[in-house]
Amino acid sequence: MRALKCLATSSNKFLTQCYNFVFIRKSSHFKYYPDGITSDKGKSLKMNMFQAINSAMDITLNKDPSAVVFGEDVAFGGVFRCTLDLQKKYGKDRVFNTPLCEQGIVGFGIGLANVGATAIAEIQFADYILPAFDQIVNEAAKCRYRSGNQFHCGSLTIRAPCGAVGHGGLYHSQSPEAFFAHAPGLKVVVPRGAAKAKGLLASCIKDNDPCIFLEPKVLYRSAVEDVPVDEYLLPLGKADIVLEGDAVTLIGWGTQIHVLRETAEIAKKTMNVNCEVIDLVSILPWDVDTVSKSVKKTGRVVIAHEAPLTCGFGAELAATIQEECFLHLEAPVQRVTGFDTPFPCIFEPFYIPTKWRCLEAVQAVLKY
Amino acid sequence: MASRVISRGVKVSQRLLLPFSFRANVKSRVGALSQMSDLPMFPGAQSQWTEKLEFSIRENAIPTYRVTDRRGMVVDHLEEPQLKPETVKRMYYCMKLLNIMDHILYESQRQGRISFYMTNYGEEATHIGSAAALTDDDLVYGQYREAGVLVWRGFSLDEFMNQCYGNCEDGGKGRQMPIHYGSKRLNFVTISSPLATQIPQAVGAAYALKRSSDDKCVIVYFGEGAASEGDCHAAFNFAATLNCPVIFFCRNNGYAISTPSSEQYRGDGIAGRGPGYGIATVRVDGNDVFAVYNATKAARKYALENSKPVLLEAMTYRVGHHSTSDDSSAYRSVEEAQKWNETDYPISRLHNYMVSKGIWSVEEENKLTADIKKEVLSAFARAEKLPKPNWKEMFSDVYSEMPEHLMKQMKMMEEHLKKYKSEYPVDQFKILS
Chain D
1 MRALKCLATS SNKFLTQCYN FVFIRKSSHF KYYPDGITSD KGKSLKMNMF
51 QAINSAMDIT LNKDPSAVVF GEDVAFGGVF RCTLDLQKKY GKDRVFNTPL
101 CEQGIVGFGI GLANVGATAI AEIQFADYIL PAFDQIVNEA AKCRYRSGNQ
151 FHCGSLTIRA PCGAVGHGGL YHSQSPEAFF AHAPGLKVVV PRGAAKAKGL
201 LASCIKDNDP CIFLEPKVLY RSAVEDVPVD EYLLPLGKAD IVLEGDAVTL
251 IGWGTQIHVL RETAEIAKKT MNVNCEVIDL VSILPWDVDT VSKSVKKTGR
301 VVIAHEAPLT CGFGAELAAT IQEECFLHLE APVQRVTGFD TPFPCIFEPF
351 YIPTKWRCLE AVQAVLKY
Chain E
1 MASRVISRGV KVSQRLLLPF SFRANVKSRV GALSQMSDLP MFPGAQSQWT
51 EKLEFSIREN AIPTYRVTDR RGMVVDHLEE PQLKPETVKR MYYCMKLLNI
101 MDHILYESQR QGRISFYMTN YGEEATHIGS AAALTDDDLV YGQYREAGVL
151 VWRGFSLDEF MNQCYGNCED GGKGRQMPIH YGSKRLNFVT ISSPLATQIP
201 QAVGAAYALK RSSDDKCVIV YFGEGAASEG DCHAAFNFAA TLNCPVIFFC
251 RNNGYAISTP SSEQYRGDGI AGRGPGYGIA TVRVDGNDVF AVYNATKAAR
301 KYALENSKPV LLEAMTYRVG HHSTSDDSSA YRSVEEAQKW NETDYPISRL
351 HNYMVSKGIW SVEEENKLTA DIKKEVLSAF ARAEKLPKPN WKEMFSDVYS
401 EMPEHLMKQM KMMEEHLKKY KSEYPVDQFK ILS
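Residue numbers (the numbering used here), protein chains in the order written: chain D, 1 to 368; chain E, 1 to 433.
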């Protein structure tokens with residue numbers, strides 16, 4: 001470890017490159033900022049995000065006899081360990097593998113929910129949710145509406161690991177939230193860490209509408225913090241101000257929140273400005289009030305997400321912000337996002353909206 | 001579609017372990033071999049060896065089960081279901097009602113009074129025969145050409161008409177196209193247009209019902225065209241591997257809009273696929289209401305007793321056009337459809353059966369036809385007179401509770417209508433008190 005630090009601070013170009021190769025590519029593009037949301041929620045334990053998610057499902061299975069957890073490879077604990085030991089605890093009829101077929105998984109889940117069972121479906125990677133797009137958008141989202149509220153699938157929750165992971169390439173890195181944000185009837189939620197994940201997943205499971213819960217997979221092991229042991233619910237549709245400020249509003253969700261917090265730190269250090277960082281939390285429906293209140297205060301906005309720019313959810317935010325806050329805006333809304341390319345493998349460090357790209361956008365809106 | 005190329009949360013040290021083949025030496029392998037049976041041991045299938053290179057293809061088609069012949073005469077009396085005359089007459093009544101309602105609503109669409117319609121001509125026996133073999137608690141998922149199931153369960157003529165008109169009495173609040181019926185009361189899940197999506201949903205519902213240990217099964221209807229969708233594959237496979245008490249009921253009527261079944265598949269119909277998924281399968285004469293009844297009844301018993309799926313393929317012929325937006329003479333001869341109408345129509349077959357049993361007369365037939373016509377026309381007139389729902393129903397039920405952004409959009413429309421009321425058909429829509 002010390003040797004690596006030496007490498008990192010070395011002025012030798014070759015050694016620096018070695019460090020970059022060995023360390024930066026292996027590590028992530030962010031540092032994790034633990035949440036302090038646990039104080040009023042009873043006894044807590046250190047957990048990472050996959051353990052927190054596991055805990056939410058464990059509590060559900062324990063309390064709700066109709067609840068089932070299913071998907072590809074969930075029986076042995078899941079490829080990301082989120083369902084670890086749940087089959088042992090609750091039996092094969094409640095936690096089980098399905099055939100490898102995403103449209104089947106979601107269709108099956110809608111049917112379970114149609115008759116009132118709590119259905120927690122897992123799609124192994126958000127990249128593979130698209131075979132189920134029809135079931136999600138045409139069926140799950142519209143079920144209540146088209147039947148005049150006679151039938152619904154409100155007890156369905158679809159969990160899927162999403163986002164950049166360092167080396168996921170085209171099909172293990174995607175952030176598909178904007179595709180689903182265009183589908184009335186769905187709720188789309190992205191947690192930024194372990195404690196949020198547990199409370200939000202519990203809310204999604206209990207919510208009366210079909211929810212897509214996108215879990216930034218790079219946080220599964222790296223997001224470690226105090227997480228309440230008992231059940232608790234965090235509100236859907238509400239954004240969090242994770243850092244208060246008055247100069248610029250930085251909006252993101254998932255892993256990007258940590259990037260933005262670091263950006264805010266650097267901005268404070270280098271420019272002595274206070275950025276306000278907002279975790280949107282819910283993509284659909286999203287919290288217009290919290291966002292516009294903040295923008296009316298700061299007059300400047302940077303939106304950052306990993307997904308591509310064009311028609312990314314940042315576009316929806318930007319359009320609404322200009323409509324709601326037109327007279328308060330001091331600079332054009334900036335979007336720092338993935339590029340309009342597929343998510344590349346070896347170029348990932350250049351693709352993602354890094355703290356440096358975010359910082360540059362902060363500088364730009366301040367200078368405008 | 002999921003690829004498995006990336007490491008999946010497995011620790012690096014585990015991945016670096018040498019595979020077993022490198023660890024066993026030749027001697028121990030020979031020793032182990034001598035103790036084994038000589039059957040194939042591959043986990044993916046249990047089979048025998050063969051030293052003859054042969055491709056497998058099924059040569060004989062699955063036979064079509066029937067109880068009566070085309071004239072409505074029972075072929076093997078041991079197969080005749082011992083139904084009370086009242087039950088047989090009720091079956092007949094339901095088939096006639098469906099047929100007459102179809103005629104009237106088809107014509108009303110031609111006159112522009114409703115926007116769309118799909119008839120059930122030629123397939124009445126598949127609906128009534130199967131519905132009669134279920135209990136009313138069994139959950140139904142349909143495609144769109146199963147209105148007879150609702151008729152059997154007691155969906156009223158008013159309910160049919162209200163849905164087609166999308167008036168303020170429609171349980172679906174006028175949001176879907178005509179014939180997209182649904183009824184919570186009658187355990188008939190609301191129809192949606194995307195084909196085959198209901199099939200894996202029915203499997204999930206069957207799984208949940210099995211777990212809540214109700215004595216209920218699920219039946220799901222679909223056409224032979226829909227069976228080409230990926231969702232059908234998903235459903236068959238999930239139902240088999242997850243042991244779900246679901247009846248897959250395929251209406252094979254020879255056409256998917258203009259596409260003949262010869263362009264839909266090359267195997268032995270849909271029934272031919274069942275055994276490939278490990279699903280008990282039967283093919284029946286779909287124009288024979290008793291064959292459909294017997295098969296569905298046996299399927300229900302099998303599904304519930306074994307907690308397993310059953311596949312039922314009912315062979316029939318789509319006598320009518322695909323829908324009111326389709327003219328079937330563009331791809332098949334009028335004579336072909338006419339032939340089915342005249343020589344093998346399910347209603348005529350049941351009629352002949354009843355006459356041969358001495359439980360039906362010309363007078364009864366005439367009275368029934370006249371009564372049904374009257375009932376249908378008066379329901380039609382009632383539905384036509386009712387206003388459409390309040391336009392604000394456009395915004396409700398998107399979510400269980402209306403979110404703020406939708407309230408805002410509704411408010412915007414309200415303000416807009418205050419100014420531009422005369423430009424919208426507000427008079428036809430109900431005013432909220």
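Some hints could be false.
Stated by the list, open to error - Selected chain D positions facing chain E (Cβ under 10 Å, derived; list incomplete):
id : residue
1  : H152
2  : A178
3  : P235
4  : D240
5  : P344
Stated by the list, open to error - Label pairs and their computed distance ranges (CB to CB):
id : chain 1 : residue 1 : chain 2 : residue 2 : range
6  : D       : L100      : E       : P63       : 29 to 35 Å
7  : D       : L100      : E       : P40       : 50 to 56 Å
8  : E       : K419      : D       : L327      : 20 to 26 Å
9  : D       : H328      : E       : Q409      : 20 to 26 Å
10 : E       : L186      : D       : N138      : 21 to 27 Å
11 : E       : P425      : D       : N138      : 39 to 45 Å
If you're looking for bench data, these hints aren't it; they were derived computationally from the structure. Values in this document were obtained by computation on a predicted structure and should not be read as measured data. For every residue, glycine included, the Cβ atom is placed at its ideal position computed from N, Cα and C.
Hint by hint, here is what the structure shows:
Interface hint at D/H152: satisfied, since its Cβ lies 7 Å from the closest Cβ of chain E, which is below the 10 Å cut-off. Violation of the interface hint for D/A178 is found here, the shortest Cβ-Cβ separation to chain E being roughly 16 Å, above the 10 Å cut-off. Residue-level restraint check for D/P235 is violated (minimum Cβ-Cβ distance to chain E is 12 Å; threshold 10 Å). Hint status for D/D240: violated, given a least beta-carbon distance of 18 Å to chain E, over 10 Å.
Because the smallest distance between the Cβ of D/P344 and any Cβ of chain E comes to about 15 Å, over 10 Å, the interface hint for this residue is violated. The beta-carbon spacing between D/L100 and E/P63, approximately 34 Å, falls within the hinted interval of 29 to 35 Å. D/L100 and E/P40 have their C-beta atoms about 23 Å apart, which leaves the hinted 50 to 56 Å range violated. About 25 Å separates the C-beta atoms of E/K419 and D/L327, a value consistent with the hinted range of 20 to 26 Å.
As the Cβ distance of D/H328 to E/Q409 is approximately 23 Å, the hint placing it in 20 to 26 Å holds. Between E/L186 and D/N138 the CB atoms are about 24 Å apart, so this pair conforms to the stated range of 21 to 27 Å. Taking the beta carbon of each, E/P425 and D/N138 are about 28 Å apart, not inside 39 to 45 Å as hinted.
Hint violations for this structure: numbers 2, 3, 4, 5, 7 and 11, all remaining hints satisfied.
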